[in-house]
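S.K.: Fit chain to chain and form the complex, with the hints in mind.
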Amino acid sequence: MNISYNWLNEIVDSGLDPQQVADQLTRVGLAVEGVHPHGDDFVLDIDLTSNRPDCLSHRGIGRELSAVLDNAMIDREVSAVPSSDAGLVEIEDADLCNRFTARVIRNVKVGPSPQWLVDRLEAIGERSINNVADITNYVMHELGQPMHAFDLDKLSGGRIVVRRARSGEKIQTLDEVERVLDTDMLTICDAESPVAIGGVMGGLESSITDATVNVLLEVAYFDRGNIRATSRKLNLATEASYRFERGTDVLNLVRASERAADLIRELAGGEKAEFVDIFAVPFVPRSFLSNDIAGAVKRLTGLSVDRTECIRILNALGIGSSQNEDGSLTFTAPSWRHDIAIEEDLVEEIARHAGYEKIAEELPPAFGAGEYQPTERRERRLRARLADLGCVEALSYSFIDERHDGVFEIVPGIIGNSTTEPYVTLRDSVIEGALRMRPSILPGLLDSVRTNLNHKRRDLKLFEIGKVFSTGEGEEGLPNEQKLLTIVMTGSESLSDRAKPGNQVEFFDIKGGLEAALDAVGCYEAVYRTANVKHLRIGQAAAVSVGEVEIGHLGRLDDELAAGYKFKQPVYVAEINLTTVLKLPTANAAYKPLPRFPSVVRDVSFIVDRTFAFDSIRTAITEQANDLCRKVSFVDNFEGKDGDRSLTIRLEYRSDERTLVEEEVEAVHASLLKGVEQKLQIRPQM
Amino acid sequence: MSEIDRQVDEIREAFEQEFGRFADLSTDVSALAEAEARLRELSELKIRHTGKKSPISGAMKLIGKVAPEDRAAFGQMVQAVEKGIAAKIEEAETKLSAFISNAKIESERLDVTIPGRRIREGHLHPITILRQKIEDIFVSMGYAIEDDREIETDYYNFDALNIPEGHPARESQDTFYTTEGFALRSQTSTVQIRAMERRGVPLRILAPGRVFRRDTPDMTHTPMFHQIEGLCVDKGITMAHLKGTVSEWLRLLFGPETVTRFRPSYFPFTEPSAEFDFSCFKCGGTGIFDGERCRPCKGSGWIELGGSGMVHPNVLRACGVDPAVYSGFAFGFGLERMTALMYSIDDIRHMFENDVRFLEQFR
Ligand SMILES: [Zn+2]
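Sequence lines, in order, name chains A and B. Residue numbering for the first sequence follows my numbering, starting at 1 and increasing by one per position. Residue numbering for the second sequence follows my numbering, starting at 687 and increasing by one per position.
Extracted from the complex, chain B is given alone in its bound form (with noise of 0.2 angstroms):
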């Protein structure tokens, strides 16, 4: 070996051994600032050992030392070791890089299934969450939204809804008075009077609201609660047209395969007058939900939701509708029933103490 080769060999061994605990970085290096460590140590020994001022490069300067015949086999060699060197340093360099990064990653890892972060959200109580379905429903069918009144004459309470003095349904205490003798609205079908009167016919309307009545507060009865009468009057409106209707909208809150039915009953506010029940929205109406007698409607496979029936001709005369040239339908339920039917509520009093722990779980 020449004086000149040796030297080149000199230079790569020297770069070889301040090079080796790089060699097998997959032992060694293991803590993260360890490895930022390395790094830093790694681009200094590339710069000490690469570029124009590194010693393999001031080697190719002994090219004039060689014979001339020697040259091309010698920068060959001390470009090859060159080449070696940035190698080394270059997989090094990408070991230390991606063990970083990967070290990085894993150190920010987090636990994905922790819940996210956000205020705590508010809920609409479960009677205001039912009406706007509701509202929605008659709303696209061509029903204005109507509301009135709470306290009311005797005359839209009881007279203009053929609820005459000394009628049982009037004498029945059910109703509150206040020391002006003015009632607080026993059902919202005193909307339909101030409607017809507001409005004229033919009209199509739905008003929810609250009303009251004086039973004491016990799991199925509070003093005030909320109803929803639906009235539609116009030329040759029938009892089809409240069964279509009451069973279209009935369709639409609880599914296609819902069936209604009508039986016949009494109020004196419509003639002829009906019940409504809808089969049940849990069991469909089978009476056995989960191989058990099904709550919310007893095990019947009906659920009873209303009243309806044509309206009676001495309300539309009350209201200067002709009853031989206008016939109408109304219908009405109770909010509070339908939403503890809903959601086995099985105490009616919750809607009114507002209890959050009852009140969250609606949405």
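Next up, chain A with everything else stripped away, as it sits in the complex (with noise of 0.2 angstroms):
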């Protein structure tokens, strides 16, 4: 918003510099973006909120500089007596037009502007048109309230009448594009058809031109909601729409009119004719009680401001005040406040202009500990585990491409068992094709391995902790929420600042990054067997369980899909429902007194093919309950070339009692070995 120095001085006789100006301004909330010198003139570029309309005009921002200054505005008198002549203007739906006026100005010569109008426009960064285009366009900076000048003798039965619009109803606007109106929009009409669509643009049919001789000013209030439907249903909108849609002032309407009306007489010719105010909806001000106006700023700001200067502050901005008996005051919002209803809005007002510098720095009284989530220290274990693996923590989009859908399989625990559709789609998004909720965080963290091997970054491993969607059936049906931790690794392990690359990443070293990974949020006991996930390579994917519990999978990216990103290497992926985990128990550590007797250790080779695990034979000697065998575990994996492998296992003999002896663990080795061989026909290699 655009205000001249020059212009705001015939309002508010400041004294003061422009760049003194924008600071007092500044200061009471009216941000100036920046002070222009322009001519002999300045130009304050101010940044105003949403709820300040009433500062769309130097005469909306003089009012707040008088209020700084205790300063009393340069007003004009205006005295404009309506004529009799009622059949001029028709209100018919006044739910959506509170009050209209009408001023008819006979004989106008228009014409080209003179000097200081196109000047004082061109300051605040608007384009000269003709003498009438250009005194409604500076009286709505002036006074901020829009107009629009119709050729009176262009309306059919040279009268208005201001309704909604008829079903099918047409008009060009001003831009020359013709408009299909529908029975929601406003309309100011003449004896036949649309003349304008009120408050948003008029039609190019009525518009003022060169011939124009009569003109009839329209100078209106309308519904803001209506104004604001009409203008995002026509995707219409104007310096006027953009006012009326946020309010403007009910009471303005005569003042602007007689502005304007007289700037015509005066830079066009003519003579003032008929005048017509129809206030259908008779204004009622917003007034409310305060008890303690000075106790409230003092409660809610901690400024000290005797109730005098209160009363002075909200006076000079507008805000009538009267006395009650029992010493309260009641409180009238002025006509062009349409954000003062509440004792807390005049609280605002007098802290601003009483300055936010001088509210004290405090700290509130103690309260007591502070807590974290109660899952972050665990989640922070999480992340600095997986750095110092050399994984990346990677961000992406919750929205990702449809194409996904079906690529991935959804970890277990996301989508829930009744639902048809599993996904939570996005009406329209900013991004092409990007309208899924990710159910899945692997397919943003693909995406991010390509753009980095385009980078020519071989070596990768990354991850991301987030929240996946899936449709809901909780709390009035809203989406579940889940959080998931997915793993990304390709390349080669590297040392840091070497060239050299060391061994290429494989199955396990996804697995040992998630067995860390997991390992650091306390979840110990995780299972991994075998199966066959959507996305993964068949016989280098695994199901991650714990307990019962399901809670993801990991292994090797399938070839096709691979393919599809154009990946030439290996990659290797794990996707866990974190949620689940971090809800799983966790047992502190339970202290074992120290072995006071040593162990002795076994190993013993098997030949076993690729489909056999390791964890039978673990399983299977586990379930005899030896006593002495105290642990049991995995040594190496040795791959032949005709399809079998040589699995080397160690087992750990120990007694609490006593030092074995080699007979003893002999005999008991032998017998668990025999248990082994029997339910699992593999015989130990010699």
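I should point out that these hints are in silico values taken from the structure, not numbers from a laboratory. Think of the CB as a built atom: it goes at the ideal place given N, C-alpha and C, for glycine as much as any other residue. Check before you lean on any hint, since a few could be wrong.
[As the list claims (entries may be wrong)] Derived lysine-lysine pairs resembling DSSO-like cross-links, with alpha carbons at most 30 angstroms apart: (1) K739/B to K751/B; (2) K358/A to K984/B; (3) K769/B to K358/A; (4) K921/B to K298/A; (5) K358/A to K968/B; (6) K769/B to K732/B; (7) K819/B to K583/A; (8) K819/B to K483/A.
[Stated by the list, open to error] Computed beta-carbon distance windows for the label pairs: (9) V1011/B to E421/A: 43 to 49 angstroms; (10) I129/A to H907/B: 31 to 37 angstroms; (11) R683/A to S793/B: 49 to 55 angstroms.
M.R.: Here is the structure:
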């Protein structure tokens, strides 16, 4: 919003230079973003908040400045006596048009504007059209009231009807676009058809031209919500609709009309003729009680502003006050302030004029210990652990492309059983195709892998912790939101600052990463089993569970899918339902007395095929529940050429009562291996 | 010279001759391997020329042939020769050993300026780093960290925040909607409502989280970003507490000289409302850094950070809190903007592209 310094000085004689004016306005919340010289004038660029449409004019800004300086505005006397010619205007739909004034000015001469007017408009960034159009624009910027001038002779029947549009009615607006109206839109019509879309834009047909002789000047007040709705529906926002939808001053119409009519008479000749003012819905000012305004200021801001000064500030801003018998005050919001309705609103007015800089800095009284989110400590450990493992934390958009639908297997616990449509979908997006609220983080991370590969970064470990979504069955049908942990690894293990790559990342690297990550959040009991997972390569995919609870999966990205991403190197992924994991009980570490006697270890190898599971040997041994066998662990896996492999495991024997003797260990060891052989039909290699 | 003396002298000469090439080691011992060979030879020589079976030790047996009155002198002479031999050998040994140990150390000398060997470390996202720092500050100030839904009903995203239907902020087309009619929260203020409903008052909470607005991505906008919202409701809370709290955490984050400034503003859910700025952490509020216009504050000395105010009585009422008894302040700001300012990031879209060349810069 541009304000001319010279123009403003005609409204408030501030005695301040432009920068001082800017500082004063900024201080009370009318943020001046810049002061720019323009000829012998200065232009103040003001960033207004949406609650202050009353400041969308020089008079509005002047009112604030006058309150700041305690210096009255220079107002012109206004007196327009309505004529009796009531037939000129008829309001059919007063619910959308509370008040309508029409002024006829006869025998005008439309032509160029004088230089001062052209300059003024130019200073605030407006273009001159002709004297009549410029005057309506000028008065709007001066007084904040939009208005419209018709060529009276083009109005059929020479009169105005204010009504809702009839179904299918059309109008060609000033911008030469034909617009189809609906029955919710308010129109200004002549005896036959719409000549303007009320408060939004006038029609081309009835507009002022060089040939216009008689002018009808419309200055009216429209329903804010209706103007907003019409403007949205027609996708037509104008300076007028901008002001009307935020709220204008219903008591400012006559002043604005008179100002414009006087200027037209002055600059375009002609004489003022009929004036009609139909105030269909009387204005009822908003009044409310305040028992102790100074106390309210103190209570909310801590500022001590005495009652007299409170009232002075409010009155200066046009807010009326009257004292009641009990000493309380009744305040009345002025017609131009749509944002003043309660005592707290008054407190803000007083505080900003008293000065926010005067408010002290204090800390609230002590309250108690702060607390993190219950899962935050474990999540921090998780992030730190992954970073220590060389993983870089990513953050991706929560919305992803629809083309990912059905491509990725969603981790357990995200999608409910009964839903037919599992995905949460947006009505529209600002990124093409990104209409799905992600049910998986993988699409985002795989896009990131591609981005990095394109930049020749081939050795990558990324992770993301974030929410995913599915349609909900819960409270009010709101979608399910759960947190996932997703890890992606590809390329080689890299040492820092080394050109030579390390080993290629493989399945057991991402598994190790996931194991370490789960350990970090206190989940030590995860079980991995062979599984078929939609987006993972068969034979290199595992489902992860804890006890009875499935928590996710990991493995190598399916070949076809990888080819779709143009990945030329294997990519390993893991996705885990972190919400589920963080709900699992965690046990504190339990101390076990240190061994008093040495243990004996025995390594043993088995030749097994590729489908065999190491876990089955461990189970076969542990379920024999031998007291002396304390631990079964993995030692080595040697891949042979013919599809077989040699799997080496280690058994650890120990007693708490004595040092074991060789023969005793041999006997137990042989018995355990016998059990394995019987159960799994595999024979230890000697 | 007697025959016996001659014999002793021969022994000494024989030694001298054999020892000759060890006499001046510095001239011909260069390589480590050669030095080690010499040391072995020297130890063989030592075995031959010292000890019980050495010629000089044997010479002592000749004492019987010496006249009794000369025996003492003879004995001393032989001992002197024997000592001389041992001393020379020992000296040579010491020299050689020192040379060898020096040579060994030299041969294993390292270039200690070469970087250490370790797994390439990962990095946390700058948003996470900043969020954790700010959470730490507020937990230390007695706040509880809260989070809640990212997809909300209109009630929590708008109505309860005093943004009724028809309000410009609601119809600004900023909000994403799901086909089921739910809103992606457009501000973390939704958590204010959820937290007050859940915890009641008094309370002090800090709510970091993702929010969504229908902005087409450009240098300074992304349709998703992170906000942090603070809320303190209690009896007797004033704007002075708001100013004190915001100033305090900004000082804790940016240093004790940081100054905070509040300007009147408008938000539907606060009354009175204020925007807050803080003195630029780079130029210290002077607007000039290294003789040039300071970048983060664009030369103004101030950085605009966020919005704040006293919780609107309608918001308190929506949460069942009596505004006549309780008052509270709330403040909020964007993490991406703050991160971008702190690190002079020119394009905010980098935050969600996950380019490791970007992410690796933060620690
Ligand atoms: Zn600066």
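S.K.: Tell me, which hint numbers fail for this structure?
M.R.: 3
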